[in-house]
Amino acid sequence: MAKTMKHVDAVCVGMGWAGSIMARELTKAGLTVVGLERGAMRSTRENFVMPTVRDELKYRLRLESMLDTSTETITMRHDPSETALPQRRWELFPLGDGLGGAGVHWNGITFRFSPAEFQLHSHLTQRYGKNAIPADMPIQDWGVTYDDLEPYYDKFEKLAGVSGKAGNLNGQIIPGGNPFEGRRSSEYPNKPLVMSQGGLIFNKAASGLGYHVFPTPASNSSAPYTNPEGLTIGQCQYCGHCEFFGCEANAKASPLVCVVPALLQDKKFELRTNAHVARLDYDKHAKKVKGVVYIDRLSGEEITQPADLVILTAYPFNNTLLLRLSDIGEAYDPHTGKGVVGKNYCYQTIGIAGFFVEDEINPWIGTGTSAAAIDDFQSDNFDHGGLGFFGGGYICISGSGGRPIQVRATPPGTPRWGTAWKEATAKYYNHNLSLMAHGCQYPHRTNYLDLDPTYKDSIGRPLVRMTFNFKDNDYKMSAYITNKAVEIARATGSKVVTSLPRRGNFGGINGFASHHTGGAIMGTDPKSSAVNRYLQNWQASNLFVIGGSAYPQATGHNPTCTIGALAYWSAHAITSQYLKSPGALVHA
Amino acid sequence: MVDQPIGRRNFLKGAGAAGTAAAAAMTGGLSACAEGQTPAQQAQQNAPASEPMMTLTPTEAAFLGAAYDTFIPADQYSPSGTDCGMVVYMDRQLAGAWGTGARFYRAGPFLQGKPEQGYQLALTPREFFAAGIAAANDWSRRTYGKDFDRLDPAQREEALKTMDAGKAEFTDFNSKYFFDQLYESAMEGFFADPIYGGNRNKVSWKMVGYPGLPATYASKAAEYRGKKINLPPQSIADLS
Numbered sequence: 001m002a003k004t005m006k007h008v009d010a011v012c013v014g015m016g017w018a019g020s021i022m023a024r025e026l027t028k029a030g031l032t033v034v035g036l037e038r039g040a041m042r043s044t045r046e047n048f049v050m051p052t053v054r055d056e057l058k059y060r061l062r063l064e065s066m067l068d069t070s071t072e073t074i075t076m077r078h079d080p081s082e083t084a085l086p087q088r089r090w091e092l093f094p095l096g097d098g099l100g101g102a103g104v105h106w107n108g109i110t111f112r113f114s115p116a117e118f119q120l121h122s123h124l125t126q127r128y129g130k131n132a133i134p135a136d137m138p139i140q141d142w143g144v145t146y147d148d149l150e151p152y153y154d155k156f157e158k159l160a161g162v163s164g165k166a167g168n169l170n171g172q173i174i175p176g177g178n179p180f181e182g183r184r185s186s187e188y189p190n191k192p193l194v195m196s197q198g199g200l201i202f203n204k205a206a207s208g209l210g211y212h213v214f215p216t217p218a219s220n221s222s223a224p225y226t227n228p229e230g231l232t233i234g235q236c237q238y239c240g241h242c243e244f245f246g247c248e249a250n251a252k253a254s255p256l257v258c259v260v261p262a263l264l265q266d267k268k269f270e271l272r273t274n275a276h277v278a279r280l281d282y283d284k285h286a287k288k289v290k291g292v293v294y295i296d297r298l299s300g301e302e303i304t305q306p307a308d309l310v311i312l313t314a315y316p317f318n319n320t321l322l323l324r325l326s327d328i329g330e331a332y333d334p335h336t337g338k339g340v341v342g343k344n345y346c347y348q349t350i351g352i353a354g355f356f357v358e359d360e361i362n363p364w365i366g367t368g369t370s371a372a373a374i375d376d377f378q379s380d381n382f383d384h385g386g387l388g389f390f391g392g393g394y395i396c397i398s399g400s401g402g403r404p405i406q407v408r409a410t411p412p413g414t415p416r417w418g419t420a421w422k423e424a425t426a427k428y429y430n431h432n433l434s435l436m437a438h439g440c441q442y443p444h445r446t447n448y449l450d451l452d453p454t455y456k457d458s459i460g461r462p463l464v465r466m467t468f469n470f471k472d473n474d475y476k477m478s479a480y481i482t483n484k485a486v487e488i489a490r491a492t493g494s495k496v497v498t499s500l501p502r503r504g505n506f507g508g509i510n511g512f513a514s515h516h517t518g519g520a521i522m523g524t525d526p527k528s529s530a531v532n533r534y535l536q537n538w539q540a541s542n543l544f545v546i547g548g549s550a551y552p553q554a555t556g557h558n559p560t561c562t563i564g565a566l567a568y569w570s571a572h573a574i575t576s577q578y579l580k581s582p583g584a585l586v587h588a
Numbered sequence: 589m590v591d592q593p594i595g596r597r598n599f600l601k602g603a604g605a606a607g608t609a610a611a612a613a614m615t616g617g618l619s620a621c622a623e624g625q626t627p628a629q630q631a632q633q634n635a636p637a638s639e640p641m642m643t644l645t646p647t648e649a650a651f652l653g654a655a656y657d658t659f660i661p662a663d664q665y666s667p668s669g670t671d672c673g674m675v676v677y678m679d680r681q682l683a684g685a686w687g688t689g690a691r692f693y694r695a696g697p698f699l700q701g702k703p704e705q706g707y708q709l710a711l712t713p714r715e716f717f718a719a720g721i722a723a724a725n726d727w728s729r730r731t732y733g734k735d736f737d738r739l740d741p742a743q744r745e746e747a748l749k750t751m752d753a754g755k756a757e758f759t760d761f762n763s764k765y766f767f768d769q770l771y772e773s774a775m776e777g778f779f780a781d782p783i784y785g786g787n788r789n790k791v792s793w794k795m796v797g798y799p800g801l802p803a804t805y806a807s808k809a810a811e812y813r814g815k816k817i818n819l820p821p822q823s824i825a826d827l828s
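Chains R and F, in that order, give the protein sequences.
If you're matching positions, the first sequence starts at 1 in this note's numbering and goes up one per residue.
If you're matching positions, the second sequence starts at 589 in this note's numbering and goes up one per residue.
Derived from the structure by calculation, the hints contain no laboratory data.
Please note that the accuracy of each hint is not assured.
Output of the computed footprint for chain F on chain R, the stretches with three or more beta carbons under 8 Å from beta carbons of chain F [to be verified]: (1) 12–25; (2) 191–201; (3) 423–436.
Even glycine gets a Cβ: it sits at the ideal position worked out from N, Cα and C.
Go ahead and model the full structure; you've got the sequences and the hints to work with.
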């Protein structure tokens, strides 16, 4: 039986960082808001408690906090000429699920993007010539600048209680911080975390090579902290169970800690979990979205939620899927390069340098972030003249926990089993480190998202089909920055250093990240972007699409901080401009 | 046929492969670990005559025991794989939600893809291991004249290396892929929290120096840096 709910001012689809921030800002402006979440209700008190939260098998291997692929998954192929096949269990990467979304299981690495990234097309053509960017690399400007977003980055960092050290405070370069970062209006709300032994080793070696080491900005709070919502974040316990795990100390910033408790107290807000959104109710003639149609997973009922304002705040895959299923905007065509929905899907290109040291590492003392990093080879912070690629990434030291099913490297040549393997495992467990060359992944004409023609999810929607492979730019970039990581590893004095730049087809578990971007990208022109600079859809002016889906390309830095900043930026545009005069905020 | 079912069951019993039963681990198991004993001695002391299985057939249990004992032999670092409870671990995994494919996407069509597209069989892990073990034993009989668990240690080693290298010609089953899943199950069973049935007495955690839980080091992060720290490991059961 179909049912229609009482009209509300706004509905948010997906209650992770973007959805919870947007809902909060809209209720503050006096709007009634419904938040729809596909997954279940979650809270620290119920779901992330000692001692069961420290279970590597359950959370890291069996992916208990992640999306159940029997409910919904994606299909993947490397090239438009191939048949995509479903991820029957997560092998390429896992996706999040449940209240708080991926903001619950993330590591907490909280970089702002490099200023040049926001005007990447303009920047690269100015510096390297107007024909420098290959024709099949549709790099674009974002339509916003770093300076536009700076106040909203600041807002997100204060919400999440980020621990770090400013490197550029109001234009002044501060020693010990990241000198390559954009101008910051204020210092991080919390001091940096204690640097691990691995961090000290990395710091010494990289500084010795003339690089600029800084504490990786971390949403793992170095001290108890109360955010502007009045919510308290606990102190990080260095437990080494961040990625894939919930945080029992409430020390890892997540929507569940930083926003949702305030929302649940807010009479203007209503949360509906187990609400699996099927499509938007789009009136093509009026160019308005009238509401959201979802399946209540508890009753099986199809429910329509009418609203004046619809905000898609899901992962890039679902933001893109819902635009396609609702027939909003032209689907991207990889053969012509025309169309926008599904365009510029981008990932992350990660290389690893492993090495072994004499020091006692105690890898079980760890935080979600990697203690220390350098940005010397990120973005266009170095001259790409003659290199044959664009982009780069940051290099950081490992340190997110010595969980033994997975973190126990042995030197090359060690047998894979038996007494000799045990001897090496016992010997090197406390003495192995790795450097991550966390690289960008710039767009390519044939990397995109669309609807799978064959496979469906549990409510009958087509699965998202991901057509993606690494390209020449990615391999060259990864080889270059991974080699820089290898040089740093050697500079530690280590005798055994392994190099694993990104090679071969996309796939496998080496160097994966759940960092997905694009599909509903922002920009200045409706012919090449799905949403405008305020994340407002070009077709339906009462539809906003927030998240990693908006990124025209993926930079080397992790995506979350910018998702938070864009949510605040878009919410500000809605509350200060749109509500006064509903309609297009940018005229094409 | 080289092996008769009755012979298999006797072999399993006679091998005394079973380590500490779950109940022993929870109650007497820990206190029975006297100081000065080797890990293998500790486990042997607690080993009951046989190990109850939830889903594995005797043939399957014997196969897994032989494979896990090759991966994890009894030595100065740990008891054997079976004495660490690894067969019990895998039996419970295969009998439970994971084994029955609870979180698998199982809609067809089932097509062969590129390796990077991941697992594309219709089989649940339980079905996959049943088919894989049968195929491995069939190959073992054709190659060595015996089921895998009847091979001597050098032959087991050689057989696993052949599978790992992708050179074992199983009938109608991917031997390398099977090996990879088998190996992964061994690492999980050996290193996972003992609550799952393997890693009895936290032997693997002691072996590498992983302190397990409670893992609250805010006051120690600086103090412990670069120092050798010996903390007796704590598991979920220890803190429940």
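**Asked** Within the assertion that chain F covers the region 12–25 of chain R, do at least three residues meet a Cβ-to-Cβ distance smaller than 8 Å?
**Response** With 0 residues close enough to chain F, the hint is violated.
**Request:** Three residues minimum, CB to CB under 8 Å: does the region 191–201 of chain R make the cut for coverage by chain F? Let me know.
**Result:** holds (count 5)
**Asked** Mind checking, does the region 423–436 of chain R have 3 or more residues with a CB under 8 Å from chain F?
**Response** Holds: 5 residues of the region 423–436 of chain R have a Cβ under 8 Å from chain F.
Checked against the numbered hints given earlier, this structure breaks only hint 1.
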